[in-house]
Amino acid sequence: MKGLRLLVSRNVGALLALALFLALYVFYSALHPKGFTVDLFVQNSNEALTLMLLGMAQTLPVLLGGIDLSVGSLMTLVDSVASEVVRGSPWQIALGIALCLATGLLGGLVNGLVVVLGRLQPIVVTLATGAIYSGLALFIRPTPGGEVDGNLGWVATNALSEMPATFGWWNGSPPAWFNLIAGIPMPIVILVVVVVVFWLPYRNSETGRAAYAVGSNESAAYMSGVRVNRAKLAAYVMGGLFSGFAGLYFAVQTGSGNADPIQAGTYTLNSIAAVVIGGTSMLGGSGGAIGTIFGVAVLRAITFCFRVVDTNSPLGFLANPLLQPMFEGVILLIAVSVGAARIFRMKNRLDMYR
Amino acid sequence: MPGRFRVLLETVDRPLLFAGGFIVCILAVGTIYTETTQGNALLLSPTYLLLQLKVASFLGIVAAAMMMVVLLGHIDLSVPWTIAASAMLATAWGGATAMPVGLAFGLAVGIFNGLGVAYLRVPSMIFTLGVNVVLRGFMVMLTGGFSPSSEPTPIMLYLAKGDLFGVPIPVFIWAAVGVVVTFLLRRTPMGRYVYAIGNRQAAVFLSGVNDRLVLVASFAFCSMLAALAGLLIAGYSSKAFQAMGDSYLLPSIAAVVIGGANILGGSGRFSGTVAGTILIVLLQSVLSVMQMPEAGRQIIYGVVIIAMLLAYGRSAR
Amino acid sequence: MVGTAAESLLQLRGVSKSYGGVAALSQVDFTAKASSIHAVLGENGAGKSTLIKVVAGVVQPDAGVMTFDGRAVQFASPQDANAVGIVSVFQELSVMPDLSVADNISITAPPRRFGLIDKRAQQRRAEELLARVGCDDVDPRERVGDLPLSRRQMVEIAKALGRDPKLLILDEGTSALTAADVERVYEILHRLRDEGLALLYISHRMHEIKELADTISVLRNGRHVRTFPTGACTDDEVVQLMIGREIINVYPPKAQRAAPPRPRLEVTSLGWTDRLSDISFSVGEGEIVGLGGLDGQGQRELLLALFGVLRNVKGAVAIDGKTRRISSPVAATRASNRIALIPEDRKTEGLMLPMSIGDNISLSSLGRVTRGFVIDRGAEAANIQAMVEKLKIRIGKVDDPVATLSGGNQQKVVIAKWLLTDARIMLLNDPTRGIDVGTKEEIYRLLRSLADAGTSILLYSTDYDELIGCCDRVLILYSGRIVRELVGPAITETAIVASAFNLPIEPHAAAGARRG
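Protein chains in written order, with this note's numbering: chain L, 1 to 354; chain A, 1001 to 1317; chain C, 2001 to 2516.
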């Protein structure tokens, strides 16, 4: 029992985000004509996955106690690269995907090297590298265009059932065991794979834990013999990898490339909001990517809810397209403030400044 | 001679020296380009330089605003929509009271930011981010519903486009802002408290200073300056429009940092911010004269920031 | 395995280290043996911390050689030192508060399974080590930041022991421990010493050193003065070695009063959460009242409550007969109250280290030198100069960053800041902790002169010697309550210690003591 209590108290933020998401999503599904169907769920998860992957990318530098203002730009860069190389024969596609992920890794590495070797603050470094990645993206993709393999796009944005159908795995009907999981949206599958194959092993490795240690108390970590620089570099590289995934999925989902810096900026800011709502502390040392995933879910669910409100109902004014951005903004402000405000629990005012 | 040169190097603020040197480099490279391609030294002409100074004053005022909160160790991400919303409100309001209304709105936004950061203790990056989104929504709501005028008032047009003794008025306004900011920071208790809070807020709290009030006042001042910039930009562009503030956020932060201020707070000077502003404006302008495509401009912009920081921005770890 | 007494485990020859132009260590020769507990003593600035940091691999010496276990060594980082068996526990706690106890203990080289951290093995390891230091009440899954300070320090010690050290370094490592924990730690350390461990130990507490250590080394001004077995020198001789001059009288004479002083500060039934209950006392004009007792019994919270830092404080506080509501430090420092607080940690609560000495000194009194909105620089400079002279603060220039000063001088800057506010009630939170003997003496004299001029002083000290020497009255706290008030000659070591444990005082010491 004590173990459970400790587990809950360590992850309060993430659990609250999950609860909030479930409440919002149930509300949304109840009002939606196609609520609680696989189709709708697939569509919803499509809209969320890119930001979830980007949110995971943002989580890592925040765990260190810093921030990354270049995640959106790096994603845009990978998106542009993808629009050029993820097409053609299966081998070319595979190579293209590898190239995209490599780009993400490289971007993360550059961020990490400048922060660690230059001993500069992450916020200003990533401000600058973000501009560089945006520039490179514009270089590759001056105007929206390019093309990503259509089959890949189809499979990635639908339920799992489409995968064998599109690639012709089983001539005829699929085996029984497959039908059980055929309804799961592909984005969810991708998310689970990324979390299980990349996030969880990192989180439970010594280097991953070292990132938490550095974020919690960097000088203490150093004194304890933790390899601080290595932990930081690894965190930034992992962050770059997740940005790479985000950019790749975005390209696959939209079918083309777009290097718009403003869109990059919007995604970056949303990733920060998601991290905060998901319970990761801006001071570093606590939280995690799973909480951020719930944070994104909350953000998306809020948007969805606004869509389904009946204009003729008492809550109709919420659906007014003119008022919608304002309401979304107010809710976002409240959500991030609650997520970050620590004031209400403090009996000793001095604790505010620690 | 070398000895005196070294003494000069030590007494002048290092970032100022680097920024100044880089500005000279930019002008040099640009002039070489114009000489070889057009056969003139456009970049060294008074007309061009004054124009750059005028453009720089808009960014300069925003950078001064940002510096006020960066000195505290905070940041204001609501600047883009404070600029736009103040301008749009002022143009919609019209008449003689348009400018005071715009400035008052900026003041109100700043106080709100300050209250959230100082009293609710929400990290400034998060809170001002949220406020920015709310302001955008607020403006969408107002403009969508009422289609108000976006035309600047005559006084706004005059202040933004007029000249005094051959020098553009915005430059005078920027200089006036500089005098006020410098005076505030160096000669008043509030200025001392700002630096102290940026260094160690707990110690300021325990010294009997009303640190939260100082925070609110600084954010209020920052947003009010942002509003002022918005009014001038609207005058200069002859209208207020939605995305008018977006392109000022990152450059203003860059200007403050290139000017030598510590992003974590506690140190920085207005003269540095001026140098940073001029550097960025010149860089953007020269690159456009050299007809560098947007892609290349972004890359150079990023590389320059990192280079300047590496030259003098090391944090002591 | 018991090491032979003659074995030198650690040797330093000609080690020097400078910071900027200041030599922290000059040509130090130093030897530590296996199977010994070796205390390092000296004033602030004597070089003890630097010496320990060189041995621990935290800083690299500019010159000299180090030999450990017979081999020449050079440490580029604490990890290198760890690799040969040197482990350290520092004064600035090196725990990561957001991580669990188990994570902290096995932060480097954790037990692994398939390349990832083996959480169960880690948990078991933590349980074993915690049991060894007698802390089996701590659950290894708990977040370290949620533990009280004394438990956190025990976790540090457990972590250090977990590295199987040959040489253990403790830099004020027991300063936050409760008395019971300290006893346990002594036991463990003595046992480890008998098993061959060498321990390098810095502390400012003489009685602790005498109980724990078998060898003492004294450093002065960055040089090694003398090493001798404990007991070979008297306390006074040791102090002389540290400061190089004779101490006749450490404490200034106390005030002789005909009638009890007029009460200035009156506290009635003060309470706060579960840390303070029903606290009632008064401090008169010109009185120095001490707060004593074991660590963590509420003394710190009491001072913070009186200064307006805590919320939801129950009870009443009256100054000069009138009830006041002190809801914040701003209220506490108002002209009608004029309370000052010398905080616990000067580096993080008392000073802005990168700012100048002058800026730090004038921070609380800027209002007095401001005309309209503008600071009168001349008046400000005059005030600063007056304070520097009055407190004899040893500085280079007023514009130097306060970080360049030694600990004792930094504390003087904090005190100077408050003197400029004309405070008439001064609260001091262990002001002389970690400060050299010479500066301590100056502070005692200052406090007495302030009291003689009418200031009411409430002094919390973890050093009972100080309480005996400085205070007119002493209040002992236990579990957030005042359990005894000692007056005048009744303030004795026995009385203080007995009261601290909430025990009765033996009859012959009872004269003048009142049960609180």
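One should not assume that every hint holds.
Label pairs and their calculated CB-CB ranges [stated by the list, open to error]: (1) A/G1095 to C/K2314: 36 to 46 Å; (2) L/V8 to C/R2377: 52 to 62 Å; (3) L/S9 to A/L1157: 39 to 49 Å; (4) C/Q2060 to L/T303: 37 to 47 Å.
If you only want the chain A side, here are some residues facing chain L, beta carbon under 10 Å, derived [what the hints assert, rightly or not]: (5) G1116; (6) L1120; (7) V1134; (8) E1151; (9) D1163; (10) V1257; (11) Q1291.
None of these hints come from the bench; they were simulated from the model. Where is the CB? At the ideal position from N, CA and C, for every residue including glycine.
Each hint tested on the structure:
For the pair A/G1095 and C/K2314, the beta carbons lie near 56 Å from each other, so the given range of 36 to 46 Å is not met. Take L/V8 and C/R2377: their Cβ atoms lie about 57 Å apart, and the range 52 to 62 Å holds. Between L/S9 and A/L1157 the Cβ separation comes to about 60 Å, which falls outside the hinted range of 39 to 49 Å. Range check, C/Q2060 to L/T303: Cβ separation about 56 Å, and the 37 to 47 Å hint is violated.
The interface hint given for A/G1116 holds, since its Cβ lies 7 Å from the closest Cβ of chain L, which is under the 10 Å cut-off. Taken as an interface hint, A/L1120 checks out: its beta carbon lies about 5 Å from the nearest beta carbon of chain L, inside 10 Å. The interface hint given for A/V1134 is met, as the beta carbon of that residue sits about 4 Å from the closest beta carbon of chain L, less than 10 Å. Violation of the interface hint for A/E1151 is found here, the shortest Cβ-Cβ separation to chain L being roughly 22 Å, above the 10 Å cut-off.
A cut of 10 Å between beta carbons decides the hint on A/D1163: the least distance to chain L is about 34 Å, and the hint is violated. Proximity of A/V1257 to chain L holds as hinted, the smallest CB-CB distance being about 5 Å (cut-off 10 Å). Among the interface hints, the one on A/Q1291 is violated; its C-beta lies about 14 Å from the nearest C-beta in chain L, farther than the 10 Å criterion.
In this structure, the hints that do not hold are numbers 1, 3, 4, 8, 9, 11, in rising order.
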